[in-house]
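*Asks:* Sequence:
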Amino acid sequence: TGHINLTVLDEKSPDKRVLFQRTSIEIDFDPFVNKQPFEKHKINKNTVLAMFYNNKAATAMVNGDYVTAYAYLKKATKVDPLFSSAWGNLGILYRFNGYQQSAIDTYRYAISLNHNNLTTMANLSMLLHANGLYEEAKHLDSYIMRKRANNPYYYALLGNEKFYQGAYKEAMNHYKKAIKLNSNIHEFYFGLAKVYYMLDEVGKAKSYIKKAMAKNHLAQLDKQYLVKLTILNQKE
Numbered sequence: 035t036g037h038i039n040l041t042v043l044d045e046k047s048p049d050k051r052v053l054f055q056r057t058s059i060e061i062d063f064d065p066f067v068n069k070q071p072f073e074k075h076k077i078n079k080n081t082v083l084a085m086f087y088n089n090k091a092a093t094a095m096v097n098g099d100y101v102t103a104y105a106y107l108k109k110a111t112k113v114d115p116l117f118s119s120a121w122g123n124l125g126i127l128y129r130f131n132g133y134q135q136s137a138i139d140t141y142r143y144a145i146s147l148n149h150n151n152l153t154t155m156a157n158l159s160m161l162l163h164a165n166g167l168y169e170e171a172k173h174l175d176s177y178i179m180r181k182r183a184n185n186p187y188y189y190a191l192l193g194n195e196k197f198y199q200g201a202y203k204e205a206m207n208h209y210k211k212a213i214k215l216n217s218n219i220h221e222f223y224f225g226l227a228k229v230y231y232m233l234d235e236v237g238k239a240k241s242y243i244k245k246a247m248a249k250n251h252l253a254q255l256d257k258q259y260l261v262k263l264t265i266l267n268q269k270e
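Numbering (our numbering), first residue to last: 35 to 270.
Calculated directly from the structure, the hints in this document are not laboratory data. There could be a bad hint or two in this list.
[Said to hold, decoys possible] Think about it this way: if two alpha-carbon atoms lie no more than 35 Å apart in a straight line, the pair counts; the simulated DSBU-like pairs of lysine-lysine are:
| hint | residue 1 | residue 2 |
| --- | --- | --- |
| 1 | K181 | K269 |
| 2 | K244 | K211 |
| 3 | K214 | K196 |
| 4 | K196 | K238 |
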C-alpha cells in the first residue's frame, strides 16, 4: 500500500513571518528503505487511517480471525471509500469465506478505483480462471505481465523466491534482469553476492558485495556489508 513519511511543519503563528519557505522535518518510519527518487504524492489523514485499518485486517486474516478482519476492513472502507487496497483485501476475505461472486465483484470495484492494483488483478484473475471466465482472466493476465515486465523489483522478488528454493542459477538470472532495468539498487547486487557465495564463487561474491556498497547510501548498511566482505576475505 506504499511507504509513508511524515512531514512536520513549523506551527503557524500570527507573530511569526516566514519570507521564503516554512521549515519542515521529514520523518521516515523505515530508514532502511533505499533512498531512491520514488514518485511521491500527498495523502490525507483518512487515507493514513484506512492504511492502518487495512494492515490490521490483513494481520487478522493471517491469524484466521475473519470477524475482526471484517470489522477493520469496514472501518478502512468507511474512512476512505476510495482506498483500493482495502477493497482488494475485502475481496480476499469474501473468497476465504466461500463468497466467490462477492469476491469477484469486490475485486472489480477495487480495480476500478486503482487500475495499477496488480495484486488485486492477480487475485481476480485466479478466481475468474477457477470459475471458467477465461476471456476476462486472460485480459488481466496480459495487463499484469506488461506492467511487471518493466518492474525491477518484481524480478528481484522472483530472485529471492528462487534463492530460498535453492534454484541459484534461476535466481541469478532474475537478479541480473532487475539490475538491467535499474542498476542503482544495492539490494539487487547483494542478491547476486548471495547467489555466487552459495555457488562457491567467493571472488564474484566479494565483487558484488563491493558493488552493493557502492550503490548503498546508508552508513549502518555499509557496516553490515563490510562485515560480510571481511568474512568473505577470510574464506579465500
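*Asks:* Next step is simple, just say for each hint if it's right about the structure.
*Replies:* Structure-based check of each hint:
Under the criterion of a C-alpha separation no larger than 35 Å, the hint pairing K181 with K269 is inconsistent with the structure, at around 42 Å. As the CA atoms of K244 and K211 are separated by approximately 19 Å, the hinted pair is consistent with the 35 Å bound. Distance check on the hinted pair: K214 and K196 sit about 18 Å apart at the alpha-carbon level, within 35 Å; holds. Note on K196 and K238: the hinted pairing holds, with a Cα-Cα distance of about 19 Å set against a maximum of 35 Å.
Comparing the model with each earlier hint shows a violation of hint 1 alone; every other hint is respected.
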